[in-house]
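Given the sequences, and given the hints that come with them, work out the whole structure.
Listed in order, the protein sequences are those of chains A and B.
Just so we're aligned, residue 1 is where the first sequence starts under the working numbering, counting upward by one.
Just so we're aligned, residue 1 is where the second sequence starts under the working numbering, counting upward by one.
None of the hints are false.
Computed beta-carbon distance windows for the label pairs:
1. Asp87/A with Ile94/B: 20 to 28 Å
2. Gln72/A with Glu6/B: 48 to 56 Å
3. Ala109/A with Arg11/B: 52 to 60 Å
4. Val8/A with Asp63/B: 40 to 48 Å
Covered by chain A, per the in silico footprint, the following chain B stretches (three or more residues, Cβ under 8 Å):
5. 43–53
6. 94–103
7. 110–118
Derived BS3-like pairs (lysine-lysine); straight-line CA-CA distance at most 27 Å:
8. Lys86/A with Lys28/B
9. Lys56/B with Lys93/A
10. Lys60/B with Lys87/B
11. Lys87/B with Lys15/B
12. Lys105/B with Lys93/A
13. Lys86/A with Lys56/B
14. Lys60/B with Lys15/B
15. Lys105/B with Lys42/A
16. Lys92/B with Lys65/B
17. Lys137/B with Lys86/A
18. Lys86/A with Lys105/B
19. Lys93/A with Lys80/A
20. Lys56/B with Lys137/B
21. Lys105/A with Lys42/A
22. Lys105/B with Lys80/A
23. Lys4/A with Lys105/B
24. Lys86/A with Lys4/A
25. Lys87/B with Lys65/B
26. Lys87/B with Lys56/B
27. Lys92/B with Lys93/A
28. Lys137/B with Lys93/A
29. Lys105/A with Lys86/A
30. Lys105/B with Lys56/B
31. Lys15/B with Lys28/B
It is worth saying that the hints were derived from the structure and are not from the lab.
Note that the structure is predicted; figures quoted are calculated from it, not measured.
For glycine and all other residues, C-beta sits at the position ideal for the given N, C-alpha and C.
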Amino acid sequence: MQVKVRNVQRVAILDISGRVVIGDALYVLRRHVRDVMNDGYKKLILNMEGVSYIDSAGIGELVSSYTTVTTQGGELKLVKTTQRVKDLLHMTKLLTIFESYHNEKDAIASFNC
Amino acid sequence: MSENYEQIRLRFPSKLFFVDISQEAIQKMLEHFMVLNDEVFWISLAIREGLINAVKHGNKFDDTKYVELRVGLRGNTLRIEIMDEGKGFEIKDIPNPLDEENLLKPSGRGIFYIRSFMDHVAFSRIDSSGMRVIMEKNVSFED
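This is the structure we're talking about:
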């Protein structure tokens, strides 16, 4: 798994690519979320477009990212989530927790609502 | 589709690397038998979750302990058996990830997903030497 961080209008966008599965890869996401929070960002978007595969540990890491950000007063949203990831989130009632958007523009605009 | 019984058996030390390899092998097997693409995805995810459970919670990542996977297809019935060499656990003790207090927990969804994707799932102890999970699913085939 790889994570690249962009700054768009003071929103940290984390472009995630590859397999989000159990193992060392998950620490990569954890570290990037922690780093952008330490850099002062309070608005985060996880861009899921490049995610090729996810398992329950990967879903758990999304939840950890969400709790890390929200407990520090921030907001975290998902964008371009594939249907299968949405299905996994839906089955475990997590679509009620995560705000998910089709595109980046709408996700960024939603922070200002 | 032939009624012949086709089975694959894999046995590996408790390392996550082997989970990836095993999942890939079973995925290829299901594709070879032309199981519907969408079903291959969910079944192989259920197998992955079962194998991770055996490596992590069963054998506690002890690579002197082994995990065994058997996957058999008879007609349209797929039977999967996963065995570990751990101390076992009580299935009733596993928290429901859908309960309000568990929604934001980072783990505990694997067995729930397995039960969601498969038609039948049973957990049992292998005497004093580990746990066995049996999963079954009636699969559909590509035209």
